[in-house]
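A.B. asks: The sequence shown begins at 1 in the UniProt record's numbering and counts up one residue at a time.
There could be a bad hint or two in this list.
[Claimed, not checked] Computed cross-link-like contacts, DSS-like style, restricted to lysine-lysine with a CA-CA straight-line distance of at most 25 Å:
(1) K52 with K32
(2) K32 with K5
(3) K14 with K28
(4) K32 with K68
(5) K5 with K66
(6) K14 with K52
(7) K28 with K52
Since the hints were made in silico from the structure, they are not lab data.
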Amino acid sequence: METIKNTANAVSDKISEVISGSSAEANKQKAKDSSNTAGERVGAGIDYCKDKADEAGHAASKEVNKQKATH
Numbered sequence: 001m002e003t004i005k006n007t008a009n010a011v012s013d014k015i016s017e018v019i020s021g022s023s024a025e026a027n028k029q030k031a032k033d034s035s036n037t038a039g040e041r042v043g044a045g046i047d048y049c050k051d052k053a054d055e056a057g058h059a060a061s062k063e064v065n066k067q068k069a070t071h
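Can you make the complete structure from the sequences, with help from the hints?
C.D. replies: This is how it looks when you write it as structure tokens:
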């Protein structure tokens with residue numbers, strides 16, 4: 001039962017990792033777009049950093065859950 005739970009958590013973390021990565025990419029493009037105001041570009045840059053941190057956290061959590069599921 002615990003293996004199933006850990007596998008489900010790993011899948012959930014992978015989904016969250018992909019979503020954070022997609023959001024980060026969108027924010028990166030917004031930050032690079034010169035038609036946006038300086039405030040919008042700075043805000044997008046900050047959001048990009050947050051999304052990348054979230055993505056890394058989800059990736060680490062996914063690996064932990066994947067290891068738990070295999071042991």
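A.B. asks: A separate judgement is required for each hint: does it hold in the structure or not?
C.D. replies: Checked hints:
With a CA separation close to 16 Å, the supplied pair K52 and K32 stays within the 25 Å bound. Taken as a hint, the K32 and K5 pair is broken in the structure, with Cα atoms around 41 Å apart against an allowance of 25 Å. Among the hinted pairs, K14 with K28 is consistent with the structure: their alpha-carbon atoms are about 21 Å apart, no more than 25 Å. Between K32 and K68 the alpha-carbon distance is near 40 Å, which puts this suggested pair outside the 25 Å criterion.
Restraint check for K5 and K66: the C-alpha separation of about 10 Å stays at or below 25 Å, so the hint holds. For the suggested pair K14 and K52, the alpha carbons sit about 14 Å apart, so the restraint of at most 25 Å is met. A threshold of 25 Å between alpha carbons decides the hint, and for K28 with K52 the separation of about 10 Å falls inside it, so the pair holds.
Checked against the numbered hints given earlier, the structure breaks hints 2 and 4 and satisfies all the rest.
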